[in-house]
Amino acid sequence: MQTNSGHKQNTWLAVAAILFLAVLGVSWLFHGTGVIHNDVKRNIFIPQELTMPLQVKAAYNGDKMFFRYRWPAKQPSIYHDMMKYGGGQWKRYGDSVPGPQPEGIYEDRVTMLVDDGSVPEFEHYGGYITVSDRMRFFTNEAKGDEVKAHPYLGKKKGQSEVGKHLPETRSDINNWASVIPEEDLAAQRKAGYFLDLWHWRAHRSNPIDKSDDQVIAEARYGDKGKGVFSTNWDGDKKQPKFMFDPAKTGGRVAISWDDLMKRKLGFDDLYYMREDQTKAYDPAHPWKDGDVLPRRVLQPGDGSHADISVQGSARWKDGYWDVTLVRAMDTGNPQDDKIFLHRKLYNVAFAVHRDTMGSRWHYVSLPVTLGLSRHADFRAARFQGDVPKWEQAWTDVKLFYPGQVSWPMLNSTMHAGANKVKQGVPVKFRHSEIQLAHYGVEMEFNNEIRVQWLYTLAAGILLIIGFGIALNVLLPRKEG
Amino acid sequence: MAPYHVMLVHFPIALWTTAALVIVLRTFSDGTLARAADRVLTPLLFFGALTGALAFAVGLLVWPFETAASSPLARNHLLLAGWSLAYWILLWIVRWRGGEQVWQGLWRWIMLGLGVLGVGLQTITGTLGGYLAGNPSMVSEIVRRLGWEVFTTFYLSNWVLATVVISAVVMAVLGMTGARARS
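Each protein sequence line maps, in turn, to chains L and F. FYI, the numbering for the first sequence is 3 to 482, going by the working numbering. FYI, the numbering for the second sequence is 56 to 238, going by the working numbering.
Looking at chain F on its own, in the form it has when it is part of the complex (with noise of 0.2 angstroms):
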């Protein structure tokens, strides 16, 4: 299933990068081009997921779970996939209930902030699975000198994994606080 994979992998990628830079346009600009391209940023981030979670599936059936769980930068793809895929869908609903007002007061700069953190994990992403493909990058020597060997596993400690459980339960009650708050 590797090259169809690698085929399918191109329209999630390129559906994301699309969709960042109309963020950032439309981040720094209210024009008409900009309120244009925004116009097409909910389907375009609603068919960056449905491919994404189609590459992702079959992604899964390149290996056997064993193979993958395996090795290191397998590992490593798969979660970065993994992330990527529920980042960018989050992203998209976020886009689609909020819509216009997504750009007023800080949303605008939060919708930045999440799509160049998009950005980010789909280019990991991306890298890996160049590795794994047989086609490694200088991507991941920006990545190691940032802290991470990819060819280590990404994996969390125990205490920090508890931080991240505490800390997602902490921001979904933080909202609701919030939301409770305004009405």
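So here's chain L without its partners, still in its complex pose (with noise of 0.2 angstroms):
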């Protein structure tokens, strides 16, 4: 029989024990909180959804390359770079700015790169290759007026932001401003060390069915030739260079603010402004607060910048955007882009951007392989005739966010698996889309997440300590 003293004991006992899994209790289900959260002043925001889906489709003939993508969207976001008037000026809406554009002024994207063998970290790595430190949007980004002082980068190639670039146009991968001479990197370019970048805007310029065709060597850069876009601003005079055509418009000379801002324009309205469609800007015009209009100027483009097409048109529809591009085979600009060959294996990665979000705020793949009638993870089909039929079946690729994670950090002392990146281990080979998300979001807490763990540490350590404390002083008596 229990004396009353052991009942007393059993009491503290009970409270004790109650209290130790009540704190666990709390700890488990209020962790990982007071951390992470959107701070747009230190280019910090999270996107709801880590990761997305994107199919994909690959068919040639022989003269043309097409790829189809699907993926889904909640709306169509096909405005894009907007000058509305006010007061008796015009002000840009539409930049790219860290999440979400505020006015939903900000177009869907998708992008691909791709390479043929040329650029051997890019088949494992994709993408992560060419993100550096300080790039445009990371919380350290480099100053615009210090790329604009680079003598290359910025005097003579007119950059002003980071972007990106390949890790052996630099001497070292950690110092962006390292470019190497100019004749090392014509002879990389000639030896294939770029990556062809396939860039389609749903703004700039899906509307006239083109598509920007760029290349990623020591930056990113249109291809030679004509882009298929300008801009419509006058710097010197502070207005824009045209204004609409009433004559080519159905009697329009801008367009209005409260139709775009109720997303009243769609895919068959006036939301866009074709080369064709306008007259040189007026200022006398009678312009009223409210007029609108788009500070891109969509061109046909010329050259080698102009090669890419967007096939039939490309639509959002029950909510999935349904985009097909295509290009020759060879563009004869091998220097630009990468010449699809019957029967090669080539390295693709994806990319999309939605729900108005611009610059690195994206949905990326990990590198899949492409092969021409070719075992791959992505299989182009032959096919006879001027258009692909797509009986082939989707590939299904994962997309993620890829927060702030650099090249420079994945081979330092900040990432465990450095030693495997100099081994040439493949990221898939050790790491999920969903991980690869979850990791790139920490990455942009990483010290006061490393503090808060430190602490954790500690505090659970504690913890296990007042509760022994507990059970020793309150342990029963050895009989005996």
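If you are wondering where the hints come from, they were derived from the structure by calculation, not from laboratory data. Among these hints, one or two may not hold up.
What the hints assert, rightly or not - Below, simulated EDC-like cross-link-like pairs (lysine to aspartate or glutamate); rule was C-alpha separation at most 20 angstroms, straight line:
hint, chain 1, residue 1, chain 2, residue 2
1, L, 430, F, 196
2, L, 166, L, 211
3, L, 424, L, 135
4, L, 166, L, 186
5, L, 66, L, 393
6, L, 243, L, 291
7, L, 422, F, 121
8, L, 400, F, 204
9, L, 424, F, 121
10, L, 346, L, 118
11, L, 192, L, 123
12, L, 243, L, 270
Join these two chains into a complex; the hints should help.
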């Protein structure tokens, strides 16, 4: 029979045990809170969804190469970079910002990096190799003045931000400014050390059925030739260069801001400015507050820059974008484009921008192999005729938000797998897309999380010690 | 040091798992087998703590601290390993100091609870270690369904940390108050 003292002992013991369990429960329920939050001043915005699906198909007929992309989006974002008249001035809306553009003026995009084996790290690490330290919109991004002052990137190439580039274009991957000599860059390009970038944009310039064709080498450039859009702004006069020609637009000289905000303008409406719809801007026109002119003018482009076109019409319908791009298999521009050959293997990686987010707020894929009638992750089917029938099944690709993870970081002591990277172990061998997305988010708060984690480790041990003290002093006396 | 860490962790895992089985057996039985098994519980727990501490120390040498402290999975592994070690040391001390009396009344259930929690901690620790070694298991899916995505660092916000620390102190005070009342 237990004594009165024994009952009291049990009560103290039970209270301590319940408290211990309660604290464990609270810790479990509320872990991982209090650190991760959006902070646009630090260029931090975490998308609600960290992964998304993309479906792709590819086909070729010996002359042309077709890629078809399908992905979900809550709504089509087809407005981009507008100027609104108010108080006698034109104000820009739709520039890149951290996270979603507040007015919803930012276009959807799908991009594809292509390599033919000339960029060896790309096969294993995909777009990660193009992400340098101090990239645009990273928390520690290089300032525009720093880049503009760079003798090659800024002064010669007109770059104003640190964008995607390849590691071997730098003498030190940890220093974006350490560009190797120009003759070496030229030799690299000749040897195929560049990535071909297919860049479709819902505003620039899907309305004219064109896609941008770019290249990533020591920076991201448009291919040679005239691009598929230009800028409608005269910096000296601080006014647009062009306005709509009412004779060609059914009497309209501008778009209505209200229509944009209510998302009234659809694919068949005037929400973009085509080169042949314009006339010189007339400051004497009686502009009204709320008049809007697009800040980009769409143009057919020429040369290598305009190699890629939209096949049919790229449209959003029933919650999905369906975009097909087409290009000559051999463009005749081997220093801008990867030439597609029957029976050859390539490496590709995809990215999607949606939900009015731009810049680094995209979803990316790991690299996949593309085989032209070859066994590969993603197989391009050969067909006869002018247009593919798309009878093959979709290839599913999972895209993820990459956060602020750079190639220098992946090769540093901050990355437990840095030695595996040096050994060439592919990223997909060790990491899944969702894992990479979580890591990307955590890297944006690495210092804060590390501190909190150390406190948590110490607090947990303290809790065990506290409970241990309670148990030990309440231990029943040994018999005998 | 990774291969040596992997080799060493087998000892505490085996010893602590065996100890947990003994605790379960002894909780539900006063029979000869259960009593006989209980007689080796203290050595099991002692050697479990000893080899656990050794494995933990060698584990710290696998990567520089900068590396381990920057990887969510490594952070979680280190966190759970530290807690597991501390927790099983607590169990050893309790059983060692309490002797046979820990199987009396409420203590028996406290021991069972401690054993189950200890196995849970070491299982998650081992799973995370498996991930780091390139051998992920489905245990992480169970943990995920219980509310923790193991690819994210397990950390507590400041108010939860304060709650934990205050509770630790309160538990110690509760114990000492109870002990004083007994004497």
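Now the hints, each set against the structure:
Restraint check for residue 430 of chain L and residue 196 of chain F: satisfied, since their Cα atoms lie roughly 19 angstroms apart, inside the 20 angstroms limit. At most 20 angstroms may separate the alpha-carbon atoms for a hinted pair to count; residue 166 of chain L and residue 211 of chain L exceed this at roughly 26 angstroms. A C-alpha spacing of about 18 angstroms is found between residue 424 of chain L and residue 135 of chain L, which places the hinted pair at or below 20 angstroms, so the restraint holds. For the suggested pair residue 166 of chain L and residue 186 of chain L, the alpha carbons sit about 18 angstroms apart, so the restraint of at most 20 angstroms is met.
A threshold of 20 angstroms between alpha carbons decides the hint, and for residue 66 of chain L with residue 393 of chain L the separation of about 17 angstroms falls inside it, so the pair holds. The suggested pairing of residue 243 of chain L with residue 291 of chain L holds, with an alpha-carbon distance near 19 angstroms, which does not exceed 20 angstroms. The straight-line distance between the Cα atoms of residue 422 of chain L and residue 121 of chain F is roughly 17 angstroms, inside the 20 angstroms bound, and the hint therefore holds. Note on residue 400 of chain L and residue 204 of chain F: the hinted pairing holds, with a Cα-Cα distance of about 19 angstroms set against a maximum of 20 angstroms.
Using a Cα cut-off of 20 angstroms, the hinted pair residue 424 of chain L and residue 121 of chain F holds, with the two alpha carbons roughly 18 angstroms apart. Between residue 346 of chain L and residue 118 of chain L, the direct Cα distance comes to roughly 8 angstroms. Compliance with the 20 angstroms bound is thereby established for this hinted pair. For a cut-off of 20 angstroms, the pair hint linking residue 192 of chain L to residue 123 of chain L stands: about 18 angstroms separates their Cα positions. For a cut-off of 20 angstroms, the pair hint linking residue 243 of chain L to residue 270 of chain L is broken: about 24 angstroms separates their Cα positions.
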